[in-house]
Amino acid sequence: MKPLKIFLVLLILAFLLAACGGSQAVEEPAVEEPAVEEPAAEEPATEEPAAEEPATEEPAAAEPMDEEITMRYFMWDPSFEETEQIMVDKFMAEHPNVTIDFQTIGTPDYWTKLEALSAANDLPCVFNMSAGFVDQWISDGLLYDIQPYVDADINPDDYYTGVFDVVRDKNSGDMYAFPFAFVETVLFYNKDAFDAAGVPYPTEGWTWAEFLDAAQKLTKDDNSDGVIDQYGFWFYGRYAHIESWVYQNNGRFLNENKTRFAADDNAIEALSFLDSLIHEYGVAPEPKEMEGIRQQDVFPLGLAAMWVDGAWNINGNRENIGDQFNWGIAPIPRGPQATGDAAYGWPDSMAIAATCEHPDLAWEFINFMTGPERTIDLTFGGKIPIYKPVALSEEFLEKDQQPDNKEFLLEWANYTGPTTFTPGWGEWRGYTDGAGLEGRLGEVFNGESDLDTAVNSITEHANGVLERYYP
Amino acid sequence: MKHGKLTPYLFVLPTIFGLLVFRLGPTAVAAYASFTRWNVRTPPEFLALGNYVELVNTETFWLVFRNTLLFTVIFVPGVMIISLLMAMMVNQKLRGIAFFRGLYFMPYITAMVAVAMVWRWIFATRFGVLNYALTNFLQVADPPAWLADKTWALPSLAIVAVWKQVGFQMLIFLAGLQSVPGSLYEAASIDGASKRQQFFKITLPLLSPITFFIFVITVIDAFKTFEVTFTMTGGGPNNASTTLAYYIYQNAFTFGRMGYASALAMFLMLIVGVTTFISFRMKDRLVEYAL
Numbered sequence: 076m077k078p079l080k081i082f083l084v085l086l087i088l089a090f091l092l093a094a095c096g097g098s099q100a101v102e103e104p105a106v107e108e109p110a111v112e113e114p115a116a117e118e119p120a121t122e123e124p125a126a127e128e129p130a131t132e133e134p135a136a137a138e139p140m141d142e143e144i145t146m147r148y149f150m151w152d153p154s155f156e157e158t159e160q161i162m163v164d165k166f167m168a169e170h171p172n173v174t175i176d177f178q179t180i181g182t183p184d185y186w187t188k189l190e191a192l193s194a195a196n197d198l199p200c201v202f203n204m205s206a207g208f209v210d211q212w213i214s215d216g217l218l219y220d221i222q223p224y225v226d227a228d229i230n231p232d233d234y235y236t237g238v239f240d241v242v243r244d245k246n247s248g249d250m251y252a253f254p255f256a257f258v259e260t261v262l263f264y265n266k267d268a269f270d271a272a273g274v275p276y277p278t279e280g281w282t283w284a285e286f287l288d289a290a291q292k293l294t295k296d297d298n299s300d301g302v303i304d305q306y307g308f309w310f311y312g313r314y315a316h317i318e319s320w321v322y323q324n325n326g327r328f329l330n331e332n333k334t335r336f337a338a339d340d341n342a343i344e345a346l347s348f349l350d351s352l353i354h355e356y357g358v359a360p361e362p363k364e365m366e367g368i369r370q371q372d373v374f375p376l377g378l379a380a381m382w383v384d385g386a387w388n389i390n391g392n393r394e395n396i397g398d399q400f401n402w403g404i405a406p407i408p409r410g411p412q413a414t415g416d417a418a419y420g421w422p423d424s425m426a427i428a429a430t431c432e433h434p435d436l437a438w439e440f441i442n443f444m445t446g447p448e449r450t451i452d453l454t455f456g457g458k459i460p461i462y463k464p465v466a467l468s469e470e471f472l473e474k475d476q477q478p479d480n481k482e483f484l485l486e487w488a489n490y491t492g493p494t495t496f497t498p499g500w501g502e503w504r505g506y507t508d509g510a511g512l513e514g515r516l517g518e519v520f521n522g523e524s525d526l527d528t529a530v531n532s533i534t535e536h537a538n539g540v541l542e543r544y545y546p
Numbered sequence: 070m071k072h073g074k075l076t077p078y079l080f081v082l083p084t085i086f087g088l089l090v091f092r093l094g095p096t097a098v099a100a101y102a103s104f105t106r107w108n109v110r111t112p113p114e115f116l117a118l119g120n121y122v123e124l125v126n127t128e129t130f131w132l133v134f135r136n137t138l139l140f141t142v143i144f145v146p147g148v149m150i151i152s153l154l155m156a157m158m159v160n161q162k163l164r165g166i167a168f169f170r171g172l173y174f175m176p177y178i179t180a181m182v183a184v185a186m187v188w189r190w191i192f193a194t195r196f197g198v199l200n201y202a203l204t205n206f207l208q209v210a211d212p213p214a215w216l217a218d219k220t221w222a223l224p225s226l227a228i229v230a231v232w233k234q235v236g237f238q239m240l241i242f243l244a245g246l247q248s249v250p251g252s253l254y255e256a257a258s259i260d261g262a263s264k265r266q267q268f269f270k271i272t273l274p275l276l277s278p279i280t281f282f283i284f285v286i287t288v289i290d291a292f293k294t295f296e297v298t299f300t301m302t303g304g305g306p307n308n309a310s311t312t313l314a315y316y317i318y319q320n321a322f323t324f325g326r327m328g329y330a331s332a333l334a335m336f337l338m339l340i341v342g343v344t345t346f347i348s349f350r351m352k353d354r355l356v357e358y359a360l
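Going down the list, the protein sequences come from chains A and B. Going by my numbering, the first residue of the first sequence is number 76, and it counts up by one from there. Going by my numbering, the first residue of the second sequence is number 70, and it counts up by one from there.
What the hints contain is simulated information worked out from the structure, not anything from laboratory work. Backbone N, C-alpha and C define an ideal beta-carbon position, used for all residues, glycine too. Misleading hints may appear alongside valid ones.
The list that follows gives simulated cross-link-like pairs (lysine to aspartate or glutamate, EDC-like), each with its CA atoms no further than 20 Å apart [stated by the list, open to error]: (1) K463(A) to D244(A); (2) K266(A) to D475(A); (3) K295(A) to D211(B); (4) K188(A) to D211(B).
Which bits of chain A does chain B cover? Going by a derived footprint, with three or more residues having C-beta under 8 Å, they are [as the list claims (entries may be wrong)]: (5) 356-370; (6) 453-466.
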């Protein structure tokens, strides 16, 4: 028994250590602070920013300059952590009395974490806010009204103000978050695979028939072992994968007021076209075949020659694909009911918590992070910066990198149509748990359920959720 | 040792205090919350039995309940049988047996996130070790997609959960086995009892108090299962592997429905309570404290 006892003692020690480790980690930032803030004495903080934009400085000047402030900032994309850290460091260099406690948490855990922090009244001062959650957060009174700041500091000519409506309170019209970039979904395609199959690249106005024809030629079983080595296309129930096709067929999932789920015929047609790609034409795998591979890795691994997802994946693709093959981006193919292009796009924003103790400083930070200071090398790959001079600059096109047609992003953004975002979206869409619409479509695409059953089931489920918000 | 009447109460006070503040208090709050609509950020709104009515009328809830039962049916016998076999294996007097005891105990103390990474890779449809073995060595033509398959996701989770949990129960069984007097076996073998007879007539009956204890805690473990689901499937595909504890978490923390989640929690408490009650009633019939 003796070794067993020793083992148990060690075990208890391990638990204790783990517990201590945990609490230390939490306290760490506090310990580091003084070191970062020391330079405060040497340099008066106000000078530099004041030089650029006099209007902005009014609120900041109200804060006593020698007061040491720590402000938390949460961001949802760990793959941009390094770039974002550079921006944060720049801000801190200009504000020696300010420490930004910057953290990234990947989605969808990001939302669970924020949700818990909001319940605990402990939200970070500044955090990323998505178009999918903003309505909910405004109506729960969790966000700070930034309209006065926007009126004072923002020159509308310099920003893509068209997307500001998404972050407005539907009643008062005030803005409760500030967009930093515009994102949209695109069709990624593997140029090398297209060349090898002798298929011309996708063009604007590409139809579903042309897309299907290409997908058939791109689906290959190289060694004839019955396992497809390269599918023409792949997708699952994810919002970016599905809605893109629905809108390009002039379809709608929601009623006009976006208060109820009511998929129209065009939307159903899009869903059944997608299902036929798997079960009729065999040009796309059942989603369960890709289990164990991160969704953003399927296209880079060459398992599918085409992929529809957000343009924000451009950065990831550059990293994952490297020089392995050439690739490009194109519009989503048009369905038979399309009357014109309808892109699926929305702004990504930064918001201030209603509980933030330094809203002036928080706004100054947001203004800094979304304005001219974010030069092209610090932007987010496929996201279009909200600040026009940067978005419209030659450098934004990044001609030295793939894809070589980034100007398409700017053009395609003009065709932005509807979205499915509502309060409770995460729940009925199944964004956070893979159930809801995503899960029911998944059953169809996995061949476990038929489309009619799934649509009935999702209508009941989604409306159950929406009824809670719109009785 | 003289002490006043109060002294013993002072000694138990810290525990009672902890129980009241950290267990009974929250339980009472949850009981109240289950009658309200409450998203935590705004004050609760009284709904009377609204949450309970919704609960019994929701398909997803019954699916989750069925999943929980199925998980329990795989998990409890799986853990009990395997841990007993393992305890008997490591109860032998072999050189270096302590090493194996430690080895079998390892999964129990390994972080679930690390375990999940490895098992997800094992279960992966196309590039997973399991399907590689099935197709190449056993010539299975079309192996399942395990974690992404409606039918297989939950059993796959249960297998991982058994693998992870079994070391702990083994340890308790081992302690039980070592308390069985060796003289009984000696006497039995002199009387000509086979190993098999010894197991069923001596080992099992003498272990029954331990077995009962293990049964109760394993059932509770099964109903409470969360980590495995959270790290491996997130309840997917389409809730096929969602179990009650995970469903409670989802409603409370991702859908912001603390009231509904509390109603679910009350239901979970009820079934755990009833199961434990029944077990204790059956105890007198099944458990022998001496031969």
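Quiz item: Holds or violated: the stretch 356-370 of chain A covered by chain B, criterion of 3 or more residues with Cβ-Cβ distance under 8 Å?
Solution: holds (count 8)
Practice problem: Test coverage of the stretch 453-466 of chain A by chain B using CB-CB distances below 8 Å; three residues minimum. | Solution: violated (count 0)
Quiz prompt | Straight-line alpha-carbon gap K188(A) to D211(B), limit 20 Å | solution = At roughly 39 Å apart (the allowed maximum being 20 Å), D211(B) and K188(A) break the hint.
Quiz item: Are K266(A) and D475(A) close enough, with their CA atoms no more than 20 Å apart?
Solution: Answer holds: K266(A) to D475(A) is near 17 Å, not above 20 Å.
Self-check item: Distance restraint between K463(A) and D244(A), which requires alpha-carbon spacing of 20 Å or less
Solution: Distance of about 24 Å is beyond 20 Å: violated.
Quiz item: Between K295(A) and D211(B), is the straight-line Cα distance small enough, at 20 Å or below?
Solution: holds (19 Å)
Hint compliance for this structure: hints 1, 4, 6 are broken, all remaining hints hold.
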